Every structure is written in C-alpha cells, then in structure tokens.
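Going line by line, the protein sequences match chains A and B. Heads up: the first sequence begins at 1 in this note's numbering, then just goes up one per residue. Heads up: the second sequence begins at 1 in this note's numbering, then just goes up one per residue.
Keep in mind that the hints were calculated from the coordinates and are not lab data. On a predicted model such as this, the values are computed, not experimentally measured, just so you know. Just to be clear, a hint being listed does not mean it is correct.
[Unchecked claim] With a straight-line Cα cutoff of 30 Å, these simulated DSSO-like cross-link-like pairs (lysine-lysine) come out:
id : chain 1 : residue 1 : chain 2 : residue 2
1  : B       : K134      : A       : K133
2  : B       : K87       : B       : K133
3  : A       : K133      : B       : K53
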Amino acid sequence: MSLSTMLAAMGEGMLRTCLIFFLTLLFSLPLGMVVMFLRRSRFRIVQSITKIYIAIMRGTPLMLQLLMWYFGPYYLFGMSIRGYRFAAIIIGFSVNYSAYFAEIYRGGIEAIPKGQYEAAEILGYSKAQTFFKIILPQVVKMILPSVTNEVITLVKDTSLAFTLAYNEMFSLAKQIAASQTSFVPFVIAGVFYFIANYAVAYAMERIEKALDYYN
Amino acid sequence: MILQMKGIQKSFDGLEVLKDISLHVDKGEVVSIIGPSGSGKSTLLRCATFLEKIDAGSIDYMGQDAVTTNEHGVAQYVPHQELNRIKRYFGLVFQNFNLFPHYSVLKNIMDAPVTVQKRPKEEVYEEAMRLLKKMNLENRADAYPCQLSGGQQQRVAIARALALNPEILFFDEPTSALDPELTGEVLKVIRQLADEKMTMVIVTHEMPFARAVSSRVVFMDKGVIVEEGHPEAVFGDPTQERTKQFLRNYQQ
Ligand SMILES: Nc1ncnc2c1ncn2[C@@H]1O[C@H](COP(=O)(O)OP(=O)(O)OP(=O)(O)O)[C@@H](O)[C@H]1O
Ligand SMILES: [Mg+2]
Numbered sequence: 001m002s003l004s005t006m007l008a009a010m011g012e013g014m015l016r017t018c019l020i021f022f023l024t025l026l027f028s029l030p031l032g033m034v035v036m037f038l039r040r041s042r043f044r045i046v047q048s049i050t051k052i053y054i055a056i057m058r059g060t061p062l063m064l065q066l067l068m069w070y071f072g073p074y075y076l077f078g079m080s081i082r083g084y085r086f087a088a089i090i091i092g093f094s095v096n097y098s099a100y101f102a103e104i105y106r107g108g109i110e111a112i113p114k115g116q117y118e119a120a121e122i123l124g125y126s127k128a129q130t131f132f133k134i135i136l137p138q139v140v141k142m143i144l145p146s147v148t149n150e151v152i153t154l155v156k157d158t159s160l161a162f163t164l165a166y167n168e169m170f171s172l173a174k175q176i177a178a179s180q181t182s183f184v185p186f187v188i189a190g191v192f193y194f195i196a197n198y199a200v201a202y203a204m205e206r207i208e209k210a211l212d213y214y215n
Numbered sequence: 001m002i003l004q005m006k007g008i009q010k011s012f013d014g015l016e017v018l019k020d021i022s023l024h025v026d027k028g029e030v031v032s033i034i035g036p037s038g039s040g041k042s043t044l045l046r047c048a049t050f051l052e053k054i055d056a057g058s059i060d061y062m063g064q065d066a067v068t069t070n071e072h073g074v075a076q077y078v079p080h081q082e083l084n085r086i087k088r089y090f091g092l093v094f095q096n097f098n099l100f101p102h103y104s105v106l107k108n109i110m111d112a113p114v115t116v117q118k119r120p121k122e123e124v125y126e127e128a129m130r131l132l133k134k135m136n137l138e139n140r141a142d143a144y145p146c147q148l149s150g151g152q153q154q155r156v157a158i159a160r161a162l163a164l165n166p167e168i169l170f171f172d173e174p175t176s177a178l179d180p181e182l183t184g185e186v187l188k189v190i191r192q193l194a195d196e197k198m199t200m201v202i203v204t205h206e207m208p209f210a211r212a213v214s215s216r217v218v219f220m221d222k223g224v225i226v227e228e229g230h231p232e233a234v235f236g237d238p239t240q241e242r243t244k245q246f247l248r249n250y251q252q
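Next up, chain B with everything else stripped away, as it sits in the complex (with noise of 0.2 Å):
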C-alpha cells in the first residue's frame, strides 16, 4: 500500500471540511475523486500533501507513519525531518500548475532534483529531457512559462514532478483553468501514465475522463466519501441517492 488515511478529521474555523474520512491507494491504482463543490475535495488532497495539518486521524506513506493519532485526540506530526523524507514519496501538479516563473522550462524541471535530492546535473538534464519528450515539449525546453499555453504550461509542471521520482502523484483539477480545446492534451499525458502504472489520485470534473482511466472511484460530498468502487460500478450504477443526483446534475 502507498498511502492510508484513516478518519481524517479537518475543520476550518468551526466548519467542519472534512469529517472522518478514510482513503487508501494501492501501488498501480488511479483513484479519481468527483464531488460538488466544497465537499472538501481540494482540502483532502492538501492534507494527504501536508500543506494542511489535520486535527485528528492518520495517515502513513509506504508503511510510515507520518501523522497519528494519540490518546487524546489530538493528531500529532511526525518530526520535521522524517516529515521531509516522506515527502519524497509524492508530487503534487495543482490546478493553475504554479509553475516558477522566472526559470525556463528545463530549469524548471532540473532545479529540484538538483539542488533538493543533489542529483548530478548530467543524469538529471537526461531525465529531464526525456520527461519533456513524453509531454510533446521536447522543442520547449528553453522557453519561460510565460511563453507557453495553459497546456503546455501543466505539461510541464507534470514533468517537473514526476522528475522527482514519486511514487503518488495527485493531481488537483488539473483540466479546470484550462481552455477547453486545451484539456484534451493533458488527459492524453495522464491517461499514458495511467497506462504505464503510474499511482495517481486525480480530483476532477472530467466525468467521461473518470470514467476512462480510474481503476477506483470516490464519490465526495459535504465532507464524507458518499460512495467508492470500480468506475463502471459508481458511474454506471451508483448505489447512493446523493450520487444519482450528482451525476443526474452533471449530465444537463
């Protein structure tokens, strides 16, 4: 197993966001998470990230704790550098790509592993080069952000995390700033690395794309998976009234 969350519990303020929820993903597996608006898709995918903490529950990388749960209640984080080394173990591609601006595409890609991971130069720039060819950007490499389409644009933010050698990716509406003419290239690289077995947690609208590429779905709302199964199964023949609705919705 890759990842384990166990009744995961997140508040803002008083509101309650998250509310008991429990998600494991498998080596191999492309779990994709559908939901309205607000059911927390977003601040559950942050939490399994660390750029939220959570109140209480745990969740454990490859068999590691990263955060538990203790007598009290109260969830407790492992120290900073252990933290730091699991990390490792996920990449994260988020929906406007939040790409550095001011390093061209290659150093983009090249600068973590380097001066993060202080991988040489030469078998990184190799990768690199190699990630660009499978995103359709090869002839990009010395081009800045700002020169490249939102495509392009999440292309590479997908090739800069994978160049860090996750073993999860997650991806967080990676289609949704897009143009629509544009989102057909990146769910065309997604669906390559699905095929390549690359573990994946896609939070998307993309109902027909879910549908294509997950091996497991996860139906979200107001805080608690609703439903969860093979996709066929949830999109097909969903057991739960709230998920009916919800795709009745997506339909019209």
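Bound conformation, chain A alone (with noise of 0.2 Å):
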C-alpha cells in the first residue's frame, strides 16, 4: 500500500473526525452556559445536582462515558436504535464537555469585580443587558486561554470514538497499520493531530489578539 492509498483510505476518518470535533464544540459551548447557570442557581438543590453532574463527568473516563450512552439504551430500556452509534458520540462528547466549560464559565464569571455589575444597575441597565453587554465579552476575554487549551485536549480526545468502533481517523490508522503491518499510518494519524491542533492554536490566538484592544 503505497502513502498515497493510506491517505485516500484514512482521508474518511478525518472527515470523521473533524465532524465529532465541530458538532461537539457546536453543542458543547452554549450548552455549558445552561450547565454554568444550574450550578450557580439561586436553588440550593439545583445548584446540588449540577454539582454532582459535574463532579461525575469529570470524575469518570470519557471512554466509559461514551460506552454508557451507546449501551445504556439497549440495557436500560431495551431500545436499540438503528444508527445510533454516531448520535451516542456527540452526546457522550458534547455532554461531557459542557461540563468543563461550564466551570471555566463560572470561574470567568466569579472573576467580574462586583462593581461592574453595580455600575450597570445603577445606569439602568435590565439584568439581560449587563448580562450580555457589560459582563459576557470581558468573561470571553479572560476564559479563552483555558478554551483553548479545552479545544485542543478535545482534538485528541476524539480518538476516543474508536470505543464505539466508530471508523474516525484514529480507528481506521489502528486498522490499516494491523492489516499492513506497518507504522506509517500511526506517523500519519500523529501529524494530523498535530496540524489540527496548530491550527486550533493559531485560531484562537487571533481570537485572542483581536481582543487585546482593551485590558
């Protein structure tokens, strides 16, 4: 198999894997915005249960995350939903990522001196619009080099689809390296990550520039 045919063949999972990686950060974001305003509700026993959901997503391995959203279904319920397998993944990812975003939210959000809230209450301003116009984009600024390193820790992370034996980058190199008894397409599943992952950096340290006109 010459580099070329390696490439075509393991070319799919890339796709696959760029997919997990994208719908994941789609869902992952706002829905770790939800989880961050659970834990800090003005309810103590919502504000209870999100604080375990969140010590459980990241208390337990991811891999056993994923395998406990394909399998739960079918041992649970007795359901086994066609076409499942791919659905399970975005859910057990996007799931679990809410919760570390979440946190990273929160500890932005906790960082806002007080005042600033009292300086937009005093002008006029409705909850909703310090919210968003006075408390969110400075939050955005401080958390983005812990996004960041988030994103990049989930770039990796999506090898971990080959659990559910989904044929992502990761699972396919796996695959082809055994049937050719060869290491190259470990070589190239580590230079793709690698590239995925300047490229994440590179982004975000534009988003990161180009909100440096201000301290």
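Dock chain one against chain two, each of which comes alone in its own frame, and use the hints as you go.
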C-alpha cells in the first residue's frame, strides 16, 4: 500500500474526526452556559444536582461515559436504535465537555468585579443587558486561554470514539497499521492531530489578538 | 426637595451600621458627608441608591415614595417598575470608577442613554462630546479606560453619570483611589458642577474641599449623624465633642 492510498483510506476518517470535533464544540459551548447557570442557581437543590453532575463528568473516564451513552438505552430500556452510534458519540462528547466549559465560564464570571454589576445597575441596565453587554464580553476575553486548552484536548479526545467502533481517523489508522503491518498510519495520524491542534492554537491566538484592544 | 431619607436603619448580620439616619437634600444643594472610617458613609449612599436594602425607614425622590415602612416596622420597596423609574433621578460615582473596560470612553458615556433610555444616537453623541469637553477630555473619546490615568477615568465616570441627566449625583470618595497629584483635576470638575447648581451628595475625606464647595456638611460617626450644618459652622465652630475630636485628628 503506497502512502497516497493510505492517505486516501484515512481521509474519510479525518473528515469524521473533524465532524466529531465541530459538532461537539457546537453543542457543548452553549450547553456549558446552561450548566453554568444551573450551577449558580439560587436554588440549593439545583446547585447541588449540577455540582454532582459536573463531578461525575469530570471524575469518570470519557471512554466509560461513551460506552454508557451507547449501551445504556439497550441495557436499561431494551431499546436498540438504528444509527444511534454517531449520536451517542456526539451526546457523550458534548455532555462531557459542557461540564468542563461550565466550570471555565463560572470561573470567568466570578472573577468579574462586583463594581461592574453595580455600575450597570445604577445606569439602569436590565439584568439581561448587564449580562450580555457588560459581563459576557469581559468573560470571553478572560477565559479564552482556558477554552483553548480544552479545545486542544478535544482534538486528541476525538480518538476515543474508537471505543464505539466508529471509524474516525484513529480507528482507521489502527486497522490499516494492523493489516499492512506498517507503522506509517500512526505517523500520519500523529501528523494529522498535530496540524489540527496547530490550527486550533493559531485560530485562538487570532481571537485573543482581536480582543487585545483593552486590558 | 429632591431626596428625603427618614429613620434609615441598616444592619449587616447583627452589626448595626445605620441607626435611625435622616437626611434630606434640596435642589441645588451640595451636601458633604464626612466621618471616620467605618462610620457608615458608604452604606448610607448605597442605601440611597438601592444597592443595599434598608431594614427600616423611608426614602423618597422628588416626592415619590421608593421605600416606606409599614406598621410592623418592616421596610417595603415599591414594585420593580416604579423603582426603576425612580432610579433615573440619581447617578452614582464610585471610588474606583467602575468604567466598562471593553468600551471606549465615548461608548462608556453613550451606551446607557442609547440602550437604556432609548434616546437618539446623534443627540446623545452631541451631549457626550459636550460632557467630554467639560471634563477636559475631548481628545480622549476613542481611548479605552486602561489607557487613561485614574483622574481621567474618574472624569469619564462623572461624564457617564451626567449623560443620563440625573436630578442628583452621589459621589463615594471620588478621589481616594487617586494619586495625590491627580485629585485636583477631579475636585475641579466637581467644583464646577457645584457652581452650576448641580445637586450633589459627596462622601469625602478632602476637608478643605468639603469646606469650600458644600452648602451643608454632615458629620457621621458610628452609624448616626452627630452634627450637621453650614461648612463654616461645622469646620470652624463645631458644637459636638466628637466632631471636634475628629477634625483635630484630621489636622495632625
Ligand atoms: N456588605 C457588608 N457586609 C457586612 N458588613 C458590611 C458590609 N458593608 C459594610 N459593612 C460594615 O459596615 C460598617 C460601615 O461601613 P461603611 O463602608 O459604610 O463605612 P464608611 O464610613 O464608608 O468607611 P470608609 O471611610 O472606610 O469608607 C463597617 O463596619 C463595615 O465593616
Ligand atoms: Mg466608604
């Protein structure tokens, strides 16, 4: 098998990896916001439940969570849903990452000085205006480095989808490496993840630069 | 009368910070509040601006009740909507400015009039530029707060408060976060506002300034108003022993 055929064979896997990556971000970034609001709820019970949820998401292996999402419906309710594999992966990733993002958002929000809220209140801003116009833009700038870390971890974590026998790039690399008794697919995989992360870091740096107009 | 506060009581978990304080402010008056640290000056301003809720007493602005106390001695605020309307009567300038760091100077001043009061942008722009000129900052409209000195930031904060056309402006130690050489420029604009008969309540430790600019001085200690009167009377010939002691300590 030549290098180009290997690349071609792995190409589809790369696409699938990218799909997991982007869909996870698409769902987990806003979902994290919801989780953060629940975590900061006035109601103690909501707070506690969210705390437990975050603890479980961060305290158990993502691989195990993916297996739970995939096999859970079958073992719990005897349901077997066709084409559920991909959905289970996206749900598993999104739900897991939303917990991490929620904690990052919370850290950012709690670091905004109380005076910003008070100034906004005196000037007559509503609660929603205060959050979206005054607080959130400052939070975004503050948490960007932590979000970058998390996103880079996600690039690498996408390989965990192999647990559910989903043919993303890493699974394909393993299969081809086994059938061809070649080390090259792993090198290709490594280069792919590296480039992907490089692109992520570059994009995030650009965003950070764009927000650099104030301190 | 612009502001009337009667029998204000406020405790923080058991600690009585304001004990039956009454304060009224007429149109065009400049009232300075002086007193030792921890006497409750900031708390009084925060209660007057609804940043803190009072336990008992009453507050009204322009003759409109904001808080009253019922027969059980419990303070009751008017409904949210009405309170928001009353909030438009006052502005507050903070000790540490609290400008919005992600907005330019101009946007800091213009945003509330445009998004909260829904006034036309062109009109607000004119007004903002006029205020900046008055604050001697007309060439810093596009700067960000982090690019300004503390004195400049505080003048932007004053312009931001004035842009909403309040009936009364509160200041909580507007110069105590500033380097000594920068306090003068801020005091100067406050003095200018006083000359224009802007109604103001100023908590300050700048005694010569308070004496020069105020129409009335209020001396607070341990949550009560100990003495109150014309600045020449309070500073020149105080009647209460505590006032004398405080002013004596201040001169040393
Ligand atoms: N949010 C709060 N929670 C608990 N105690 C508070 C709170 N705010 C103020 N206090 C207490 O109330 C008392 C009066 O505080 P306040 O800030 O009003 O004093 P001040 O006269 O403004 O003093 P300074 O000159 O130092 O600014 C102090 O003992 C302070 O510790
Ligand atoms: Mg104070």
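- [ ] Run the structure past the numbered hints and jot down the numbers of the failing ones, going up.
- [x] The structure conflicts with no hint, since it agrees with every one listed earlier.
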